[in-house]
Amino acid sequence: MKFTIGWLKEHLETKISDNGLIEKLTDIGLEVESFENLNSDLDNFKVAKIINAEQHPNADRLRVCDVDIGKENNVKVVCGAPNAKKDVLTVYAGPGSIIPKNNMKLTISKIRGVTSYGMLCSESELNLSDESEGITELKKTKYSDKIGKNFFKNKSEKVVDLSITPNRPDCLGVRGIARDLAAAGGGKLKNISKKNIKKNGSQTIKVSITKEKSQGCTIFGSCLITGVTNKESPKWLKEKIISLGQKPISAIVDITNYVMLDLNRPLHAYDADKIDKKIIVRNSKKGETFEALDNKEYKLGDDMCVISDNSGVLGLGGVIGGTRSGTEINTKNILLESAYFIPRSIRKTSKLLNIDTDAKFRFERGIDPQSIELGLSKAAELISEICGGKISNFDIQKTDKYEKNKIKFNVSLFEKITGFKVNDNEIVKILTNLGFEVSNKKLELDLKIPTWRPDITQPIDIVEEIVRIKGYNKIETLEPEKNKIKDTLNKQQKLFHFLQRSVASKGYFETVTWSFTDSKINSLFKENLKEIKIVNPISSDLDVLRNSIFTNLTFYLKKNLDRGFKDISLFEIGPIFKDSKPGEQLTVLGAIKSGKVSRLNWNENERPVDVFDVKKDVIQTLVEAGYERKSFFIRDKSPSYYHPGKAGSVFLDKDDIEPVAYFGDIHPNIVKKLDIKTEGLVGFEIYLDHLKENKIKLKDRKPNFEYSDYQKSERDFAFIVDKNFKAQDLIEIISSIDQNLIRSIKIFDIYEGENIPDGKKSIALNVTIQSSEKTLEESDLEKINKLIISTVETKSGAKIRS
Amino acid sequence: MSDIKKIKDEYLNKLDSDLNIEILNQIKTELFGKNGKISNSFKSLGSLPNDERKKFASDLNTIKDELQGKIDSKLQEIETKEINSKLKNEKVDVTLPEREFSRGKIHPVSQVIDEISSIFSEIGFSVEEGPDIENEHYNFTALNTPDNHPARDMHDTFYLDNNKELLLRTHTSPVQVRTMLNGKPPFKVIAPGRTYRSDSDQTHSPMFHQVEGLHIDKNINMGHLKGCLNFFIKSFFEVDKIKMRFRPSHFPFTEPSAEVDIGYEIKNGKIVIGEGDKWLEILGCGMVHPNVLKNVKVNPDKYQGYAFGIGIDRLGMLKYGINDLRAFFETDYRWLNHFGFDPLDVPSNYRGLSR
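Heads up: the protein sequence lines correspond to chains G and Z, in order. For the first sequence, position 721 (counting from the first letter as 1) is numbered 721 according to the numbering used here, and the numbering increases by one without interruption. For the second sequence, position 114 (counting from the first letter as 1) is numbered 114 according to the numbering used here, and the numbering increases by one without interruption.
Keep in mind that the hints were calculated from the coordinates and are not lab data. All C-beta atoms, glycine included, are put in the ideal place defined by N, C-alpha and C. Treat the hints with care, since some could be wrong.
[As the list claims (entries may be wrong)] Label-pair restraints from in silico Cβ distances:
hint, chain 1, residue 1, chain 2, residue 2, range
1, Z, Gly269, G, Asp653, 53 to 61 Å
2, G, Ser631, Z, Lys81, 50 to 58 Å
3, Z, Lys184, G, Ile696, 24 to 32 Å
4, G, Lys699, Z, Leu96, 41 to 49 Å
5, G, Asp729, Z, Lys184, 46 to 54 Å
6, Z, Asp201, G, Glu36, 16 to 24 Å
7, G, Asn393, Z, Lys218, 54 to 62 Å
8, Z, Tyr320, G, Asn19, 31 to 39 Å
9, G, Leu443, Z, Lys184, 43 to 51 Å
10, Z, Gln68, G, Thr791, 53 to 61 Å
11, G, Thr794, Z, Leu96, 38 to 46 Å
12, G, Glu36, Z, Tyr320, 53 to 61 Å
13, G, Lys799, Z, Gln68, 57 to 65 Å
[Stated by the list, open to error] For lysine-lysine, the following DSSO-like pairs were computed, each having C-alpha atoms within a straight-line distance of at most 27 Å:
hint, chain 1, residue 1, chain 2, residue 2
14, Z, Lys164, G, Lys351
15, G, Lys442, Z, Lys43
16, G, Lys654, G, Lys630
17, Z, Lys297, G, Lys486
18, Z, Lys278, G, Lys470
19, Z, Lys294, G, Lys484
20, G, Lys408, Z, Lys164
[What the hints assert, rightly or not] Some chain G residues flagged as far from chain Z (calculated, every beta-carbon gap over 10 Å):
hint, residue
21, Gly187
22, Ile197
23, Lys206
24, Glu479
25, Tyr627
26, Thr678
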């Protein structure tokens, strides 16, 4: 909402400075977006200094001047004035300027082969005097420190731009703003001067509002003005319209706009001669069409509120008028409309047709239903004043009476909500100034709500009115209470934060990417999850919700590879989506790693990242988070976006159905499809929702501290097993032989090839044996050795390698 | 007696010279070997008369200990010398690079969320979460923003179905609704999370982060709201004083509503929070609207309180001098490395928010 201070003062008598008013506006909830001068054409004329003037190579009378206009670089201007000499201060007009004397618009042009950027002006060209012999010479004493500054003072009024919240339609008119300021002690609201305009004869175009379900119009006021001469608006009106950044059109259109901005009372003017006999306000029928003032043809649906005549639709009530009945410069007779449309109906229609107009914006927020006649009077008066013509009596059709709503307000609610007290008289005064009618001035006030405040419906709204006028700075700042109702984080949230920092501590950079992604990439990772399309995506390559963290991670990994990075570790923890209903999402930590380990290292051999790098990271993370490594179970099954032979899944327990994590090489086909160029690409995912909550608190989780000081013995074994036999199974077989004696098992070599039969491999392992009761004797050790060999051989079909 | 004294003097003298390990061993044999001089002297003890024997034995033991001690210390001396001379050949260039280490980083948004949670934890708030996909009811209607409300236009909403029933939440406020529906007052929660609006330019990203706050009890008024936010802003920006301004505003789900500005100035091209005469809007808040309380089955005559919503990314930008919002979500390795935090820098009450 834009207006000038001058305009505001037509409604407000005030002694407060402009800046004081601006501050007050913000304090009462009318947020000031900006307060500045309008740009003026004269802003193009700058004080300038000729730095150098040389003879034009092709013309005796012209000079080429280097001109300092206060910018970084000087500009070249070709000038014919005899006084265009070095060190002269003058007035420079850049390309695009309009010369006041002849309204000529300057362009960059070549003058006898030399390009000239603008012009140095004579006094006559600037309408300062008749002196046209040479360029303006400015006094050095006054202007030498003003190079680059505007030569003309900007005389345009300062314009205030307010951001009006949707609850305050009344402040979409200058008068409403003045009223609010007055209530807050910003001055006195002036009365609207009521001139008695002469009205003659009746309004002869019959108006009817049809009675039907969901009729969007409840009041239709109108008058005829006959014998007008439409013309260009007078200067004062044009300036008002321009000051708000709008374009003057014709007196009649400008007047209706002016009244709308002044009183928030939208009006519409029809060319009365183009109306076919009568006005019918009715619901549209599906398929009806009309051409609107934005020159578009609209096809209407059922039940949109239209203003029509015998020939069809004239316009959409409260939204936009039609070209068929629009006023033109030669319009002679007009019908002026001032109506009330129901916000809900306006909103529905404009949304369906996707139309946004000033009138629609106002009606959908709620126009004062009691401003019908005020609007007609003010506009009719101005039209007859400027364009002449005879005004008919007003015709008001109504299907609803808009009485002021009543509300009871218990004054104690104010202190209860705001924490401070305002005395009752002041409350009454504030409300009265805002237009409320207040009676029964005791503890409970009977209030009649002004009809321009559709936002006020209940006592809490009254609290807001009083506190905002009184000032939010009156609210005390109370020390926060520190009492806690429950723990800050629950178990799952603690796990989230723990995993996040645990993975980052292993060298991964955390990233945050959008929850939506490119369906083409997503399809590579979505497995059997449902694709969830966004109906109105921000762009076609962000069209679905992600089914996997890997979609965005691989996309951005590639971008970083393209930037020249090679060894990249990235992770993100956040939602992936299973389906499109609230809650059908999982929290997943996804991590990805590319390139090599120890690249270009002087003391380590470099190698591509591999599945065991990520296996280490995922297992270590889970162990750090408090899960027991011994009970983990690894399966070689993984989603299809992993390498079929170099990936696995982690189960917290052998009997679990759902894995808590996957790890492995990313499938080479995907790497190829995404055109990712790197030596190795591996990743892992942890599904937080599948991680069982550790019900026992850490303080209760530590078992008794038991240890043995008896001597440890180590034994090495090598077993020849089937190639597909899993190391995990071998370890399980051995460790279950005697949990008390076998303390640890380490695999230290895997070998295939010479001396090993085809289809077999050798697994070499080291077993640590220790008793907690005694020092083992050679015979005890021999016994357990034999047991290990025989058990492994029977259970796995392995052979001890001799 | 004079014999053993002579032996002593002779050998102490020998042991004082520069010896190698072989000569030292030879001396040892000469003294303490089977036929060594000291060993033989002990053997001669038996042939001495009783009255001499005691004195001689005592003298002999003293001399033996002295020589033995001297040999031991000489041995240590030689060994040390040998090790030292060996070490001379073991020198490496310690200025060569250490073995590689990789240092991960925590994203600024995560760090800021942890900072926020830590601050609110101090004044008794707990953390709640809600789904990213919401239905129209929780996101709008239950928050006193019915379908025909123009305030809906201020949220450019991503929809997941043509009936506009399912959507990506446009703010974290639906968590208020879910929290209150699932529990009983009092409520004292914050809800950080992802939010979405179909808007994209320098200062708007289609996804961003908000933290919602909600405190409902019997007598929570606007003074508590002011106190809570004052505490939060001061703690977050780690300043003692903060210039704050509460301005009336409008949100359908709070009444009265306010926007909060903080004072700032630009010093040497950098934004300084807390001082200065410029204002920066950082959050919206207000007293929870009675209609919202009714919608979640909380009696507005008995309970009241405040709610607020803060843009997390924006707070992070201000605190850590990040200029471009969109860079938060573009995963530029250089940016993550530059603005990211060490994973061990966990914001907490006792060790402070940041180093």
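Against the structure, the hints come out as follows:
About 57 Å separates the C-beta atoms of glycine 269 of chain Z and aspartate 653 of chain G, a value consistent with the hinted range of 53 to 61 Å. For the hinted restraint 50 to 58 Å between serine 631 of chain G and lysine 81 of chain Z, the CB-CB distance of approximately 56 Å keeps it satisfied. As the Cβ distance of lysine 184 of chain Z to isoleucine 696 of chain G is approximately 28 Å, the hint placing it in 24 to 32 Å holds. Distance hint for lysine 699 of chain G and leucine 96 of chain Z: a CB-CB separation of about 46 Å, consistent with the stated range 41 to 49 Å.
Checking the proposed 46 to 54 Å range against aspartate 729 of chain G and lysine 184 of chain Z shows it holds: the Cβ atoms sit about 52 Å from each other. Between aspartate 201 of chain Z and glutamate 36 of chain G the CB atoms are about 23 Å apart, so this pair conforms to the stated range of 16 to 24 Å. For the pair asparagine 393 of chain G and lysine 218 of chain Z, the supplied restraint of 54 to 62 Å holds, since their beta-carbon distance comes to about 60 Å. As the Cβ distance of tyrosine 320 of chain Z to asparagine 19 of chain G is approximately 34 Å, the hint placing it in 31 to 39 Å holds.
Evaluation of the 43 to 51 Å hint for leucine 443 of chain G and lysine 184 of chain Z yields a failure: the beta carbon distance comes to about 32 Å. A hinted range of 53 to 61 Å holds for the C-beta pair glutamine 68 of chain Z and threonine 791 of chain G, which are about 58 Å apart. As the Cβ distance of threonine 794 of chain G to leucine 96 of chain Z is approximately 53 Å, the hint placing it in 38 to 46 Å is violated. Evaluation of the 53 to 61 Å hint for glutamate 36 of chain G and tyrosine 320 of chain Z yields a failure: the beta carbon distance comes to about 32 Å.
Distance hint check for lysine 799 of chain G and glutamine 68 of chain Z: the Cβ-Cβ separation is about 60 Å, which falls inside the suggested range of 57 to 65 Å. Pair hint lysine 164 of chain Z plus lysine 351 of chain G holds up; C-alpha atoms about 13 Å apart against a cutoff of 27 Å. For the hint pairing lysine 442 of chain G with lysine 43 of chain Z, the CA-to-CA distance comes to about 128 Å; that exceeds 27 Å, so the pair is violated. Restraint check for lysine 654 of chain G and lysine 630 of chain G: the C-alpha separation of about 10 Å stays at or below 27 Å, so the hint holds.
A C-alpha spacing of about 21 Å is found between lysine 297 of chain Z and lysine 486 of chain G, which places the hinted pair at or below 27 Å, so the restraint holds. A C-alpha spacing of about 23 Å is found between lysine 278 of chain Z and lysine 470 of chain G, which places the hinted pair at or below 27 Å, so the restraint holds. At roughly 25 Å between alpha-carbon atoms, lysine 294 of chain Z and lysine 484 of chain G fall within 27 Å of each other, so this suggested pair holds. As the CA atoms of lysine 408 of chain G and lysine 164 of chain Z are separated by approximately 38 Å, the hinted pair breaks the 27 Å bound.
Separation of glycine 187 of chain G from chain Z is adequate, the least Cβ-Cβ distance of about 19 Å exceeding the 10 Å criterion. Chain Z leaves isoleucine 197 of chain G outside its interface by the beta-carbon criterion, the shortest separation being 34 Å against a cut-off of 10 Å. Taking the minimum C-beta to C-beta distance to chain Z, about 32 Å, the non-interface status of lysine 206 of chain G holds against the 10 Å cut. Remark: the non-interface label on glutamate 479 of chain G conflicts with the geometry, its nearest Cβ contact in chain Z lying 6 Å away (cut-off 10 Å).
Consistency note on tyrosine 627 of chain G: stated as away from chain Z, and its beta-carbon is indeed over 10 Å from all of that chain's, at 19 Å minimum. Listed as a non-interface residue, threonine 678 of chain G keeps its Cβ farther than 10 Å from every Cβ of chain Z; the least gap is roughly 14 Å.
Consistency with the previously given hints fails for numbers 9, 11, 12, 15, 20, 24, ordered from lowest to highest.
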